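Asks: For chain A, the structure is supplied; the task is to place chain B on it using the hints.
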Amino acid sequence: MNRPRLKKYIKPEHIKDYPVGPSFEAGFLTSENSGWRTEKPVVNNSRCTACRQCYLCCPEGVIFKKDEVIDIDYSFCKGCGICARVCPKKAIIMRQEKENE
Amino acid sequence: MINKNGINARTITDKEFFYGHKACAGCGGSLVVRLALKVLGERTFTVVPAGCMSAVGFIYPQLCFTGNAIISTFAGTASMLSGIAAAAKALGLKDYHVLGIAGDGGTADIGLQALSGAIDRRDKIIYICYDNEAYMNTGIQKSGLTPFGAKTTTTPAGGNIRGTITQKKNLFEIVAAHGIDYAATASIGYTQDFLNKVQKASKVEGTSFIHVFAPCPTGWGTPSDSAIDIAREVVDTGLWYLAEYENDEFILNKNPKEFASVEKYLKQQGRFRHLQEEDIENIIASRDRKWKRMREKWSTNNK
Chain A
1 MNRPRLKKYI KPEHIKDYPV GPSFEAGFLT SENSGWRTEK PVVNNSRCTA CRQCYLCCPE
61 GVIFKKDEVI DIDYSFCKGC GICARVCPKK AIIMRQEKEN E
Chain B
102 MINKNGINAR TITDKEFFYG HKACAGCGGS LVVRLALKVL GERTFTVVPA GCMSAVGFIY
162 PQLCFTGNAI ISTFAGTASM LSGIAAAAKA LGLKDYHVLG IAGDGGTADI GLQALSGAID
222 RRDKIIYICY DNEAYMNTGI QKSGLTPFGA KTTTTPAGGN IRGTITQKKN LFEIVAAHGI
282 DYAATASIGY TQDFLNKVQK ASKVEGTSFI HVFAPCPTGW GTPSDSAIDI AREVVDTGLW
342 YLAEYENDEF ILNKNPKEFA SVEKYLKQQG RFRHLQEEDI ENIIASRDRK WKRMREKWST
402 NNK
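Sequence lines, in order, name chains A and B.
For the first sequence, the numbering used here begins at 1 and goes up steadily by one.
For the second sequence, the numbering used here begins at 102 and goes up steadily by one.
Treat the hints loosely; a few may be bogus.
Stated by the list, open to error - For lysine to aspartate or glutamate, the following EDC-like pairs were computed, each having C-alpha atoms within a straight-line distance of at most 16 Å:
1. B:Lys-116 <-> A:Glu-13
2. B:Lys-116 <-> A:Asp-73
3. B:Lys-269 <-> B:Asp-210
4. B:Lys-355 <-> B:Glu-397
5. A:Lys-40 <-> A:Glu-97
6. A:Lys-65 <-> B:Asp-115
7. B:Lys-304 <-> B:Asp-282
8. A:Lys-66 <-> B:Asp-115
9. B:Lys-123 <-> A:Glu-32
10. B:Lys-301 <-> B:Glu-347
11. B:Lys-368 <-> B:Glu-379
12. B:Lys-365 <-> B:Glu-397
13. A:Lys-40 <-> A:Asp-71
14. B:Lys-116 <-> B:Glu-143
15. B:Lys-391 <-> B:Glu-359
Hints are computed from structural coordinates only; laboratory data are not their basis.
Remember, it's a predicted structure, so these values are computed and weren't measured experimentally.
Here chain B stands alone, though its shape is the one from the complex:
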């Protein structure tokens, strides 16, 4: 997946645009922000709604975005992006990007309506959802993207109900169903793939959306050095997938012949440690259903 003409570890700018922030050590979400801004460069307007990244990035007077960044209302990330895009166009600005970075709750639950509107208008914006699978900033409450079985403070694990009983919302396909210009899923464990997708999104004439898997060591009960490995493992187990949507077509970027062990992936995380064998079988069965459908209906451009 090395992009020879594009941005990689050697060619990416050495400038840092998100520096000195107060995110927990080993935070996946802050890596998403850092890398996305490094790909897009300093002429980027960043909008961050309520959530971890605004809480850790704007602690007055410590302001960690070195470019133009603003906090939006929780529900209004995409509408503020639309406004900025319209204003930049009206001012006749050239060579700039309008980037929104929201969490899973701020995208799949609270900000979904504004996002839907922006996609409908085909505003030239880039929307990145960093998915740490719960409302982490406020103390690990379940969101629409919390997967089945995960323990959160609002879905505790007990004798009868073991964690979250709902399935993770299918956000990527919800967004794609709008007929968006470009949508993709990514994971910080596959860093190069993520950089390529951000770069691709920056060239789209219209709305682009990237849903990126970003582990949260604090909320998931994992060691602080584990985020990259877990984000890689989740793709290898098939519980997350790398895909793109453009020109009315779904493309699976990675189609593994064999999946890595789901049990090992789950059991290393505090939020899944209570799961019993039947729960894990449930998770595997729903993964297999999803992959069967994806492999049948989507095209694939790799192995």
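Next up, chain A with everything else stripped away, as it sits in the complex:
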């Protein structure tokens, strides 16, 4: 698996349920970041050449290659817009979230 998935965190009820020492499972994600977004990147697949500049420059790592085109994990995209700005083909546009509701 290339990226960690969401897991359900069960709140400890007793002191013995807590991890021993100040450590915990790596890559344990319990919440998404999609609620941060005001704009959403939308990929125009006919323009995309899969050069992967957006993938390389995404601070979140939510862009990935799927069947020779680019796809986005919207659960963790914060909508910063870096991908749209670095795209040499202008294949990504930022669309207001409310338009999609």
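Replies: Okay, now just chain B, sitting in the frame of chain A:
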């Protein structure tokens, strides 16, 4: 600057080792962490001191490093790296990297002594300083790497004093002065160059240090999509430079014939918007002094 045998956008691993973090949208520092870990791979011990990357990466129970990562004391990044390197060696581990990622304050101010010690011992560690030019995590206070003129909460811009009155510390040369095995400066705007340098650092038998310029949209008063462009522009203006130090020699990786407009670079950022003409002239003059010295004394391997 394409590295044909090395790691680039097509050959880099698709695995993500820093995912689901809570950094501000468009954060340059988190891109540094993400890319560095993708170059080094999953067999990497990561040490992060107090600072943005530990604040956004370890929000219990949300733990965003998918590898072995630990928070150190603010001053102790490099000493914890030394400890991990010694322990890994004692355990006879093979094929691993020991990586420290600290901010500008955690490196140039608070963590400098521990870093100096680690370089002195030639411990096999990689130390990356992501430079967002102030203490961003605690609310944009001036650090030793805040440039002249920048407005921070501890160096506000007023009628008499306009922002930071000190110059950015020359951290790269301070580190190089130890006679370190490998040191480099980079910028996330020149992504391929940064990947190459991390890869190079991973092969060094000894201490390596990379000082990478990483814009902070929140602290700098810039749009959230601007980090890459600003990090590119700062190199083009000459206010930041791409260089390496190895075998007792400084090498300038990029030596532009003409610089891009400093005024345009500064005025797009909220932290510099108050600057007056004479301040900008000051900044240009100190840039020119630095470049004159670098061009005279350092060798260059490009255009």
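Asks: Against this structure, judge whether each hint is valid.
Replies: Hint-by-hint comparison with the structure:
1. B:Lys-116 <-> A:Glu-13: Cα-Cα ~34 Å, so violated.
2. B:Lys-116 <-> A:Asp-73: At roughly 14 Å apart (the allowed maximum being 16 Å), Asp-73 (chain A) and Lys-116 (chain B) satisfy the hint.
3. B:Lys-269 <-> B:Asp-210: holds (12 Å)
4. B:Lys-355 <-> B:Glu-397: Cα-Cα ~14 Å, so holds.
5. A:Lys-40 <-> A:Glu-97: holds (6 Å)
6. A:Lys-65 <-> B:Asp-115: holds (9 Å)
7. B:Lys-304 <-> B:Asp-282: holds (11 Å)
8. A:Lys-66 <-> B:Asp-115: Holds, at about 11 Å.
9. B:Lys-123 <-> A:Glu-32: The given pair, whose Cα atoms are some 9 Å apart, holds under the 16 Å limit.
10. B:Lys-301 <-> B:Glu-347: Holds, at roughly 11 Å.
11. B:Lys-368 <-> B:Glu-379: holds (14 Å)
12. B:Lys-365 <-> B:Glu-397: Violated - the C-alpha atoms of Glu-397 (chain B) and Lys-365 (chain B) are around 28 Å apart, more than 16 Å.
13. A:Lys-40 <-> A:Asp-71: holds (13 Å)
14. B:Lys-116 <-> B:Glu-143: holds (9 Å)
15. B:Lys-391 <-> B:Glu-359: holds (15 Å)
In summary, the structure is inconsistent with hints 1 and 12 from the numbered list given earlier, while agreeing with the others.
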